Amino acid sequence: MLTLKQGALAASVAAMLALAPTALASGGVNAGGVNSGGGGGGGGGTTTTSPSPPTTPPSCATIASFSNSTGYYSVWAAIWTPFSISDSCGYPVSWTMTYTNGSTGAVDFVRTGSTAYQTSGTIDEDWAAFSVSYTVTLTVTDPNTGNELTSRSALVVTKAGKTPGA
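Under the numbering used here, read the sequence shown as residues 1 to 166, first letter to last.
The hints are simulated quantities; they were obtained by calculation from the structure and are not laboratory data. Bear in mind the structure is a predicted one, so any value in this text is a computation, not a measurement. Mixed in with the good hints, there may be bad ones.
[Stated by the list, open to error] DMTMM-like, lysine to aspartate or glutamate: derived pairs with alpha carbons at most 20 Å apart:
hint: 1; residue 1: Lys159; residue 2: Asp126
hint: 2; residue 1: Lys159; residue 2: Asp124
hint: 3; residue 1: Lys162; residue 2: Asp126
hint: 4; residue 1: Lys162; residue 2: Asp124
hint: 5; residue 1: Lys159; residue 2: Asp108
Can you make the complete structure from the sequences, with help from the hints?
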């Protein structure tokens, strides 16, 4: 008759033998187990995976709205740019609005700010050239690193010069 110790030993051996084919079929006792450095489940085997492509982390600042319209300011061509910046960075971010003249390539007008003071509004370029294509660009940067967080551009064409008496 078996003693209690002998019965426990026999049950342990039987359990180990029952699991042995599974462990050996998956590449050995330690494949995917405690000493494999990871894995888990059914063991290491020969499964290969390709690395995930690197992703760009989402920005903590986004341009929520950005549009342009043209008209006149007195006798000059004008561009009005309403915008809104959403800032969840935990600190104020800097923004710059530039108006690049498509005829000359020069930046005719620049306005800068910070979300500490202005997260939205309308920037007026009230002395633009007539009948000229402008690229209006809003760029949001991290003031600590100078890195660009987000940017948006639009092409606008100013109105023709006013005729006398108009």
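Here is how each hint holds up against the structure:
no., hint, in the structure
1, Lys159 / Asp126, "holds, 12 Å"
2, Lys159 / Asp124, "holds, 15 Å"
3, Lys162 / Asp126, "holds, 14 Å"
4, Lys162 / Asp124, "holds, 19 Å"
5, Lys159 / Asp108, "holds, 16 Å"
The structure fails none of the hints (numbered hints given earlier).
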